[in-house]
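Number of protein chains: 2
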Amino acid sequence: MPGNGELTVKEGETITITNQSIGGGWIEARNSHGETGLVPEEYVEVSVCVSQSCNFSSSFPAAMDDDEWDDEWDDTRSSACYAEVDLEAAEEGATNRTEVQGPTRKITLNKFPGFSKSGPELYLLAKMLPKGKEKISVYMGEVGPVWLYPEVQMECLVADPKKGSKMYGLKSYIEYQVTPSTTNRPVNHRYKHFDWLYERLLEKYGSAIPIPSLPDKQVTGRFDEDFIKLRMERLQSWMSRMCRHPIVSNSEVLQLFLNHQDEKDWKLGKRKAEKDETVGVMIFSQIEAEAPELGLDEVERKCESFSRFTKAMDDKVKDLLAVGHDHWKRCTGPLPKQYQKIAKAFQNLSTVFSSSGYQGESTLTDALTATGKTYEEIATIISEQPKKDLHFLVETNLEYKGILGCFPETITVHKAAIDKLKDADKLVATNKISPHDKPVMAKRVSNMSYALQAEMNHFHSNRIHDYNRVMQFYLEEQVKLYETIAGKLRAALQQYTTL
Amino acid sequence: MPGNGELTVKEGETITITNQSIGGGWIEARNSHGETGLVPEEYVEVSVCVSQSCNFSSSFPAAMDDDEWDDEWDDTRSSACYAEVDLEAAEEGATNRTEVQGPTRKITLNKFPGFSKSGPELYLLAKMLPKGKEKISVYMGEVGPVWLYPEVQMECLVADPKKGSKMYGLKSYIEYQVTPSTTNRPVNHRYKHFDWLYERLLEKYGSAIPIPSLPDKQVTGRFDEDFIKLRMERLQSWMSRMCRHPIVSNSEVLQLFLNHQDEKDWKLGKRKAEKDETVGVMIFSQIEAEAPELGLDEVERKCESFSRFTKAMDDKVKDLLAVGHDHWKRCTGPLPKQYQKIAKAFQNLSTVFSSSGYQGESTLTDALTATGKTYEEIATIISEQPKKDLHFLVETNLEYKGILGCFPETITVHKAAIDKLKDADKLVATNKISPHDKPVMAKRVSNMSYALQAEMNHFHSNRIHDYNRVMQFYLEEQVKLYETIAGKLRAALQQYTTL
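Here the protein sequences line up with chains A and B, keeping their order. Its first residue numbered 0, the first sequence is counted upward by one per residue in numbering that gives the first Met the number 0. Its first residue numbered 0, the second sequence is counted upward by one per residue in numbering that gives the first Met the number 0.
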C-alpha cells in the first residue's frame, strides 16, 4: 500500500530493518529495491544465518499441503541458524534473559497471513457470504458487547516432555503430552504441531482476535532441560490462553488438535483445516451481533480508543520488561556478590578473632561465623528468588507483549474498513459500488466493531485477571523473601551475647 | 635506623609515598635526598596544597609552648588545603564515604613523638628512674596480666556544638560541651584542645598504649551541620575510649581536660603537662607488675603473637571497611534507583489501565498504584538505612583501624627492647654496659611485657564488647529493615482482589 508510508514486500523477501523503534507494531525497513517504509512487526521473522548454506526462508514452507514436513524445520534448524540476540553488556556474573533487539538486522518474511493480502473490502463488498456452520455470537453484557462464553471453560495441561526420534534415530525431537479438561485424554504433540495450530488460528482469526506467537521458535540447546521446561511452560501458557478464549476454544481446528482420535483422524482434520476458506477478514461474516447497528462515529471512536490503549499498554509493558530484566541481572549478579563479600568479611573477622588466644572469645566468633553463614545464605536466596517470582511477572508481561503486538494489524484492518465506509458515497458516485452496497457495508462495519469491542472486553477481563493474579503472586513471594531474610538475620542476632 | 629498611626522616620533612600497601602500619617513602625506605604510617600527615602559597608544614607548630596558637591551624587551614581523597569512580548517584588512599602523594611529617627519638634503651639502661606520683599497676587476672580497673568507669558526654568567634568575629570556631560523669560539670573545648590532649596522651602513653588519632583533622565545610554532627560523634567515641581506659582515664592530663575549674587552672595545667618528663619509653618506669619476672622466651612469644594478631586484624578490618564502603554506595545509589524504576513501572501500568474505559478496573489500578508507592517507599527506606546501621559498623571499624594503626609502633619499641636484651652479653663483653645492667634490663623488659599484655587484654576485652555491641545493633536494624519492607509489601498485597 504505497503512499501511506508502508513498504511493499513480497512473501519470503529478505528486508533490512532500519528502525525498530517506530512503535505501535510497526518497524521501518528497506527492501531489496532499496525502498524504505513501514512493515507490520508481526510479518517479519528475524533470522541470522551462521553458515552460507543456510537457506532460511526456503525451509519455511508457505503452505502446508503435505504431512511430510521438512524435519529441519523443527529439529535441526536451530543448530544451523541462530536468532541474533542483543545481550546487553551484562553485569559481571549476571544471568541474562535474552531478547531480540537492535537497530539494524536482516529479516526474512516468513509468513504473510491470508487476511492481509486483501483489505477488508473482501468482506465488506462480498456478494455472497460463506454459509459456515460456526456462528460467532456477540451479546450485550454489563461491560458492553461480549463474546458468548461457554458454561464450562476448557483447560488443557501441557506436560511430560519426552524425547522421540524417527528416521532410525537420525532425527530426534521433543514430544509433549497435551491433555484437555474436556476429555481428560492425552494427545502427543511436537512443537511443529503447535506451530501448525498457530498458523491456522492466525489465518482464521487474526483479523478479529490477537493470536500471539508461539514461544521462541529458534533457540539453541533445544534438548537442554531448562530450555525444555521453559518452552513447555510457555506452550502451556499459550494453550491456556487459546483454551480460555470462547471463540478460539470452540474452533474446529483447536478441537482437532486436542481431541483427534488417531493419526488418520488428525491427518484428515489437518487437510480440512488447511482448506478452510472462512479465513482472514471473512471471519467477520460469522459474527452475529444481537444488537442495533452502530453508527460510524461510535465505531470510529471505539477503534481510536482501543488503538490508543493498546499502544500505550504496549509501551508500559515493554518498560516493565526492561525494568524486570535489569532487576533480574542485579538480583543474580552484583547483589548476591555483595552479600557474599559481606559474608566473607564477617567470617574473616571471626577467623582472626579466634586466633587471639584470649579467653571468652568463642561466643563472639561463633556469632560472627553464623552471621557470615547467614549472609551467604541470603546471597543464595536473593540470587534464586527471580526464578521464583520475577520469572512469572516477566512471563506474563512477555505474553502481553505478544498479544499487544497483534493489535496493530487488527486495528489496521478495522481502520481500513472505516475508511472504506467513509468513501462509500464517492465510490457510489464513481460507480465503483452500487448504491445498495453502502448500507450493507455500514452493517458489516458495525459487525466488525461489535467483534472488536467483544474482543477488547475479553482482553480487558483477562488482563485484569492475569495482572491481579501475577501481582499477588509476585508480592506474596517478595513478602516471603523479606520475611525469610529477616528471620535468618534474627537467628544470627540471637547468637550474640545480650548486653 | 638505616640498615633495617627504615627511612631516616627529619621532623617537618616532606617525603613522597612510593608504596602505601606495605601494611602493618608501615609505608614506603622517598625523602628529599632520593633515599627510599619504610616510615611508620602514624608519623606522616598526608597533605596536598591547592595554592602555591600554602606552606603546610610551617602551619603545624612542632611544639606547643604558647597558648596563642595559630588559629589557622584550627580555623582556616581547611579552606586553604585539602586532604587528597581518592574517590572511587562513584556509581551514579551514590553517596560516598571518602577515605584517603592512593599510590603516590606528598606527605608532611608533622609529628615525631618523643618516645621514638630514642629507642627503649633510655628506659632499659636508665640509672635513675623518675619518681613519678602515678604508678601503673598490672595484676594477674583470669585472662592473664590486666590493668587495675577503677571501680566506677568514667564516661563523658560530648555535646552541644556551638559556633564561637574571636578577633572581633574575624575568626570563628566550633566549641563542644564536654561533661564527665565524675563531676557532671560541663567544660567547653574546641577541636584544637582535643588535639592538644591527643598530642599529650600520645607523647606520654604511646609506647605502651595505642592512642588513636583524632577524627579527620582536615576536612572542608567545617561549619556544615552534617560535618559538625559527625565530628562530634567521633570526638565522643574517642573521648569514651580514652575515659574507658584505666590508665589514660586516670592521667593528670585527661583529668585536667575534663575537670579544670577555670581558664587559669587550664593554662597552668597545660604548661605543667607539657613539661612532663615521664613520656615516651619512660612510661614503663611507672609500671608495677605484681607478678614474677617473665623469661625472654615468653616475652618474645607474646610479642610475636600480638604482632601477628594486630596485623591480621588490621587487614580484615580494612577489608570489612572496603566492603562496607561498597555496600554503602550500592544502598544509596543503584539499589534505590532500581526500586524507583520498579515503582515507576507499576505506576505507569496503573495509569494506562485506568485509561481503559473498562468497568471494574479500579481495584487493580488502585492496587498497582499502591504497589508503586510501596516500592518508592522501599527505595527511600533502603537509601536511608546505611545512615542508621551500616554507619555504626563502619565507624567502629574505623576506630579499630585507628587503634590497630598504633600497634606497629608499640610493638617496634617492644621488639627493640627484646633485641637489646638479647645483645646484653655482647654489650657486657664489649664493656658497653656493666654486668649488673643485664638483670636490670631483663626485669625492665619483663615489665614492658606485662604492660603490653595488660594492654592487649584490655584491647581484647574492649574489642569483644565493641564488636558484640555493634554487630547486635547492625543485625537488629537489618531485621527491622527487612521486616518493614515485608510489612509494606504485605499491605500492598492486600489491596489486590483475592482470587
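A portion of the hints provided could be inaccurate.
In this list, chains with the same sequence are indistinguishable; a pair is considered to hold if it fits within one copy or across any two.
Below, simulated BS3-like cross-link-like pairs (lysine-lysine); rule was C-alpha separation at most 27 Å, straight line [what the hints assert, rightly or not]:
hint, residue 1, residue 2
1, 343, 386
2, 340, 310
3, 301, 170
4, 479, 336
5, 340, 386
6, 130, 271
7, 126, 274
8, 479, 266
9, 317, 372
10, 479, 263
11, 386, 317
12, 343, 170
13, 442, 271
14, 442, 487
15, 340, 400
16, 421, 336
Everything labelled a hint here was simulated from the structure, so no lab data went into it. Bear in mind that the values here come from a model prediction, so they are computed numbers and not experimental data.
Going through the hints against the structure:
Taking the shortest Cα distances, residue 343 and residue 386 sit within 27 Å of each other both inside one copy (25 Å) and across copies (22 Å). Taking the shortest alpha-carbon separations for residue 340 and residue 310, only the inter-copy value of 21 Å comes in at or below 27 Å, while the best intra-copy value is 44 Å. In this assembly of identical chains, residue 301 and residue 170 lie within 27 Å of each other by CA distance neither inside one copy nor across copies; the values are 51 Å within and 75 Å between. Taking the shortest Cα distances, residue 479 and residue 336 sit within 27 Å of each other both inside one copy (21 Å) and across copies (23 Å).
In the homo-oligomer, the alpha carbons of residue 340 and residue 386 lie at most 27 Å apart both inside one protomer (23 Å) and across protomers (20 Å), since each shortest distance falls under that limit. Taking the shortest alpha-carbon separations for residue 130 and residue 271, only the intra-copy value of 16 Å comes in at or below 27 Å, while the best inter-copy value is 117 Å. In this assembly of identical chains, the alpha carbons of residue 126 and residue 274 lie at most 27 Å apart only when taken from the same copy (21 Å versus 119 Å across copies). In this assembly of identical chains, residue 479 and residue 266 lie within 27 Å of each other by CA distance neither inside one copy nor across copies; the values are 50 Å within and 64 Å between.
Taking CA atoms no more than 27 Å apart as the test, residue 317 paired with residue 372 passes between copies only; the shortest distance there is 20 Å, against 38 Å inside one copy. Taking the shortest Cα distances, residue 479 and residue 263 never come within 27 Å of each other, neither inside one copy (51 Å) nor across copies (66 Å). Within a single copy, residue 386 and residue 317 get their C-alpha atoms as close as 19 Å, which meets the 27 Å cut-off; across copies the closest is 35 Å, which misses it. For a Cα distance limit of 27 Å, the shortest separation of residue 343 from residue 170 qualifies neither inside one copy, at 50 Å, nor across copies, at 48 Å.
Taking identical chains as interchangeable, the C-alpha atoms of residue 442 and residue 271 are never at most 27 Å apart, the minima being 31 Å within one chain and 110 Å between chains. When the C-alpha separation of residue 442 and residue 487 is checked against a cutoff of 27 Å, the pair qualifies neither within a copy, at 67 Å, nor between copies, at 53 Å. Taking CA atoms no more than 27 Å apart as the test, residue 340 paired with residue 400 passes between copies only; the shortest distance there is 19 Å, against 38 Å inside one copy. When the C-alpha separation of residue 421 and residue 336 is checked against a cutoff of 27 Å, the pair qualifies neither within a copy, at 63 Å, nor between copies, at 50 Å.
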